[in-house]
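J.: Residue-level listing of the chains:
Protein chains: 2
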Amino acid sequence: MSNTRLPLLEPAGPAVAPCCPPLTERPMTAEEAETAARMFKALGDPVRLRLFSAVASHEGGEACVCDISDVGVSQPTVSHHLKKLKDAGLLTSERRGTWVYYRVEPSVLAAMGKLLTTPATA
Amino acid sequence: MSNTRLPLLEPAGPAVAPCCPPLTERPMTAEEAETAARMFKALGDPVRLRLFSAVASHEGGEACVCDISDVGVSQPTVSHHLKKLKDAGLLTSERRGTWVYYRVEPSVLAAMGKLLTTPATA
DNA sequence: CACCTGATTCGATGAACGTCAACATAGACA
DNA sequence: TGTCTATGTTGACGTTCATCGAATCAGGTG
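Chains as they are written, first to last, in full-length UniProt numbering: chain A, 1 to 122; chain B, 1 to 122.
Be aware that one or more of the hints could be misleading.
No copy labels: a pair is met if it fits in one copy or bridges any two.
[Stated by the list, open to error] Quick list of in silico lysine-lysine cross-link-like pairs, DSS-like style, CA-CA up to 25 angstroms:
1) Lys-114 to Lys-84
2) Lys-41 to Lys-114
3) Lys-41 to Lys-83
4) Lys-86 to Lys-114
Source of the hints: derived by calculation from the structure; they are not laboratory data.
Predicted, not measured: the structure shown is a model, and the values here were computed from it.
The task is simple: from the sequences and hints, build the whole structure.
T.: Here is the structure:
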């Protein structure tokens with residue numbers, strides 16, 4: 001798989017970190033919205049959200065697929081969703097021996113959290 | 001499993017506020033993921049994100065459709081997306097004379113922001 | 001009243017998505 | 001070597017989604 005990835009996403013690197021100002025600050029431009037929507041869409045599926053949460057909450061901030069694949073769908077589907085999360089820049093993966101470990105890209109959570117910041121947060 | 005979710009949540013109503021603990025706290029349950037994914041999915045479209053941002057950043061926290069419909073799609077499409085945001089509980093609408101004003105549900109932003117909170121994030 | 005403008009709903013179409021079964025690949029171990 | 005386990009990939013199928021044009025509804029104005 002020499003991997004010809006679509007030019008929509010940067011293959012390596014965070015690339016999602018410094019996305020946009022808070023939603024409430026000013027109307028997003030089309031470009032900003034495109035970037036941010038990609039992240040939100042990645043979390044817009046229940047299975048992906050559970051996988052992401054499972055990785056994020058796992059000890060050490062990383063988890064192998066075997067630890068988180070109990071979400072009620074087949075393993076190919078799990079792999080498919082993990083790939084989507086990875087393509088969206090939310091997760092990174094590393095193979096260590098038999099298992100593949102996934103890890104949360106920390107800057108992403110911060111960026112998305114900032115996006116939802118309100119000037120007068122209740 | 002003291003699921004502290006409001007009983008009003010079921011019938012396509014609003015009330016998405018107190019959704020779930022932070023993603024990093026523990027793996028989400030299927031139910032929690034279903035609820036949270038609905039919100040993320042609502043923001044997972046560039047047009048919807050721009051509309052939402054336009055309302056959220058508008059003076060007074062509200063805007064009529066005429067003020068925010070300049071997002072490059074037809075008016076029926078704008079209305080369609082606004083309806084989706086409303087169904088997801090992110091916006092509320094009120095008709096005043098000729099125009100319909102949309103307003104951001106403030107608790108939602110707080111809930112989603114909390115969802116993305118990290119223990120390490122300052 | 002008739003007429004106009006703005007907003008929503010309806011119907012249809014093409015694209016994207018989620019899912020699985022089957023196959024392929026990578027590493028561990030006997 | 002061969003075989004088993006753990007992931008990733010491919011192809012296909014049914015569903016959902018985003019979008020538009022046309023029709024419909026609601027308010028204001030003459």
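J.: All hints are to be evaluated individually against the structure, with a verdict given for each.
T.: Going through the hints against the structure:
In this homomeric assembly, Lys-114 and Lys-84 come within 25 angstroms of each other (Cα to Cα) both inside a single copy, at 22 angstroms, and across copies, at 23 angstroms. In this assembly of identical chains, Lys-41 and Lys-114 lie within 25 angstroms of each other by CA distance both inside one copy and across copies; the values are 17 angstroms within and 18 angstroms between. Taking identical chains as interchangeable, the C-alpha atoms of Lys-41 and Lys-83 lie at most 25 angstroms apart whether they share a chain (14 angstroms) or sit on different chains (18 angstroms). Taking the shortest alpha-carbon separations for Lys-86 and Lys-114, both the intra-copy value of 21 angstroms and the inter-copy value of 23 angstroms come in at or below 25 angstroms.
Checked against the numbered hints above, the structure breaks none of them.
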